[in-house]
Amino acid sequence: MRDAALDAAFPRAWPCWVRIALRGRPPLEAHIEHPRGDPESFLTPAELERKFRTLASRALPAAALARLEATLADFPRARSVAPLLAAAVPSGT
Numbered sequence: 000m001r002d003a004a005l006d007a008a009f010p011r012a013w014p015c016w017v018r019i020a021l022r023g024r025p026p027l028e029a030h031i032e033h034p035r036g037d038p039e040s041f042l043t044p045a046e047l048e049r050k051f052r053t054l055a056s057r058a059l060p061a062a063a064l065a066r067l068e069a070t071l072a073d074f075p076r077a078r079s080v081a082p083l084l085a086a087a088v089p090s091g092t
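Going left to right, the sequence shown walks through residues 0 to 92 as numbering that gives the first Met the number 0 numbers them.
A couple of the hints might just be wrong.
[As the list claims (entries may be wrong)] Straight line, CA to CA, 20 Å or less: simulated DMTMM-like cross-link-like pairs of lysine to aspartate or glutamate:
{"hint": "1", "residue 1": "Lys50", "residue 2": "Glu68"}
{"hint": "2", "residue 1": "Lys50", "residue 2": "Glu39"}
{"hint": "3", "residue 1": "Lys50", "residue 2": "Asp37"}
[What the hints assert, rightly or not] Distance windows between CB atoms, simulated:
{"hint": "4", "residue 1": "Pro25", "residue 2": "Ala81", "range": "24 to 34 Å"}
{"hint": "5", "residue 1": "Pro82", "residue 2": "Glu46", "range": "18 to 28 Å"}
{"hint": "6", "residue 1": "Gly36", "residue 2": "Ser79", "range": "23 to 33 Å"}
If you're looking for bench data, these hints aren't it; they were derived computationally from the structure. Glycine included, each C-beta is placed from N, C-alpha and C at the ideal position.
Construct all of the structure, not just a fragment, from the sequences and the given hints.
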């Protein structure tokens with residue numbers, strides 16, 4: 000359901016509101032002004048790593064994902080972005 004107050008905040012903020020109807024009980028409601036991942040509510044390094052692995056594993060097999068992670072770990076010392084780009088492409092494409 001659209002909410003004019005939430006829409007008005009976008010794109011400056013990404014608040015959310017949820018209402019869950021329950022049988023025989025009052026509904027549960029929650030409002031979050033700054034969802035996880037927003038600049039005001041950073042993901043922890045562990046959460047960010049888990050999110051990266053979850054998303055990257057949809058496009059890369061495990062061995063390729065491991066190579067990409069190793070390339071990312073070495074990236075601060077890289078002289079070119081080429082190894083990172085190559086590691087991000089699944090083999091055979």
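Hints the structure violates: just list their numbers, smallest first. 4
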